[in-house]
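Q: Respectively, the protein sequence lines represent chains F and A.
Following UniProt numbering, the numbering of the first sequence begins with 1 at its first residue and continues without gaps.
Following UniProt numbering, the numbering of the second sequence begins with 1 at its first residue and continues without gaps.
Mixed in with the good hints there might be a few duds.
To be verified - With a cut-off of at most 16 Å between alpha-carbon atoms, the simulated EDC-like pairs for lysine to aspartate or glutamate come out as follows: (1) Lys108/F / Asp76/A; (2) Lys2/A / Glu209/F; (3) Lys164/A / Asp102/A.
What the hints assert, rightly or not - Where chain F lies over chain A, by a calculated footprint (3+ residues, C-beta under 8 Å): (4) 84–90; (5) 185–199.
As the list claims (entries may be wrong) - If the Cβ cut is set under 10 Å, some of the chain F residues that face chain A in the computed set are: (6) Ser113; (7) Pro172; (8) Thr175; (9) Asp190; (10) Trp210; (11) Phe277; (12) Glu279.
Bear in mind the hints are in silico, worked out from the structure with no lab data behind them.
The structure displayed is predicted, hence computed values, not measured ones.
Every residue, glycine too, gets a C-beta built ideally from N, C-alpha and C.
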Amino acid sequence: MQNKNLPNGTRDEFGPQAQIKETIQNKLLSGFKNRGFQKLTTPVIEYSDVFKPLNPDDYRPYQMLDEQGETLVLRPDLTLPVARVMSATGLNLPVKWYYGGDVFRLKKRLSGSYNQLSQAGIEIVGYEGVRAEWECLSVALSECQRLGIPNVTLQLSEAGFVDAVISQLAIPQPTRESLKQALYAKDLSDYNRLCQPLVETEFSEFLREWPWLFGSFDQVMEVVKTLPDNESLKRMIHDLTTTQQFVNNQFPNYRVTVDLSIPSPQVYYTGMVFRGFTEQSADYLFSGGRYDDLLTNFQQVKVPAVGLAFEIDALVQRVPVPESGPQTLIYFDDEQWPQAEQLLHKLGNATLCLTHNFEAAKRLAASTNSKLLDLTKRR
Amino acid sequence: MKPIKIALTKGRTEQQVIPLLEASGIDCSGLRSKGRRLIFDDDPRYEIILVKGPDVLTYLNSGSVQIGIVGSDVLDEQGNRQYAMLNLSVGKCRFVLASTEDFDPQQQRRKIIATKYPNITKRYFQSIGEDVEIIKIEGSVELAPLIGLADAIVDIVETGNTLKENNLHVYAKLQPVNTKLVVNRLALRQSQVPIKSLITSLQTADRQIKQFEMNGEWTR
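So here's chain F without its partners, still in its complex pose (with noise of 0.2 Å):
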């Protein structure tokens, strides 16, 4: 019998813990709703298929079969659903979707981690251009405010700035791939030795401080200064460099730092990719960016696609626990019940007694700390 224990990687969630969860929900929720999303919802169980452009590694399913003997699984990410969605209904472009849910993946057994977390985030489908990064952001990091979360990284990199890069060395293909793993992977020991055979090009100090190129935004800047000129890189730092103008306009208590040394979070990225994080956090507590060959998984046709997700059990961790006095326990008889009522619905942080008599309510809220009203005296 497994009557009473819990399967690997859950928990159930309950008291203050919970109802932060649920608050931060809900306004997450409302505040995607006040800018004028619409909400999606997608079923939690999906075919197998739907997740196939994700890295097995980071999102291996919970599977099981369907009448047919087709593989379904729980839902390991919630963005390829809005994709399927999209490509299955034609609907008319642009969209601005929001949606909250858990995701479900199988971590390492015992290792303390959870299998199922919950998530919200929006989708911007049909706008192309730097614009629909703002407004992810702007929700992004006002959220963050309105939680009272305060000191928040935002980091902010490019998904196809390594392969720019790596693409002009004058080294065989496979020694660009190895090249590339290592920088991934921050191997430095292997990185510099595959570096070897450029040190005399004219890529050298930017080689040297590659593995290092996240942090302050001119920090990073000034190195990429000494990369010789390109185009797509020029764009591309172009674009970082006036969102990092907005939002250190919009935003000016939130630092914005920028990563060119990693590699893009799912092979259907194409652009800007950001992250946020604080000092304490063990987690990033939002992540996302530009995917325009996201539908490319359902359909031929390219869409411009921009989009957004917060860890909500992340936030948790984050968000203050609101101070609230002891509960109001209200003692009443059973013809008081609608001035009991009346009085729960003023006085907030507040619950009925339903003990039989006062001392069992007397008892009751000693032991639960609670204020004891005994609306019988009020006759």
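Based on these hints, arrange chain A on the given structure of chain F.
A: Showing chain A alone in chain F's frame:
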């Protein structure tokens, strides 16, 4: 500033890494005379904890520590998603396939291999297109072919002395094992400056130790 937390693999790795940490200017006096302590903050910039190899990754993945120092054997066996940034020039050894003298690598039946590292063993035999039965052993792996539990073993060899003493022979050399400095991905961004300076001083100390070892041999 809060200290950087480092999970150090206790035992052999710890002993080999302490001189390197000291050469990088880290106060390891507590580690030198540790008694039963497990947390060391003699150097105010760092908090070093001693844990078993596989636990280094558990602490690192949860973000409880920012840096781990652990053998590549553990990383390869468990699968690593954090940044293995440096190879430290200590603790170098190698995985080998070893067995008794009468072992026939070409034998016409499914081999039974005993090991502490089932994933590494599986990947090796897959790479040479062979399917074997793997038995997981927790220690003294050398016993398995001697007692008849397995046809051969996959294990780490440093000097080869243990194999020799047990009359075991190396039949194939697998991947090398070295000690790695691993950094949590997010922590690298949160503490970029102190981690970069630690890595730079470790790189310098590592080079110096290598040079010293080479010179030592030349002058002998």
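Q: Work down the list of hints and note, for each, if the structure agrees.
A: Hints and how they fare:
no.	hint	in the structure
1	Lys108/F / Asp76/A	holds (15 Å)
2	Lys2/A / Glu209/F	violated (26 Å)
3	Lys164/A / Asp102/A	holds (15 Å)
4	84–90	holds (count 4)
5	185–199	holds (count 7)
6	Ser113	holds (7 Å)
7	Pro172	violated (23 Å)
8	Thr175	violated (19 Å)
9	Asp190	holds (8 Å)
10	Trp210	violated (13 Å)
11	Phe277	holds (6 Å)
12	Glu279	holds (6 Å)
Hint compliance for this structure: hints 2, 7, 8 and 10 are broken, all remaining hints hold.
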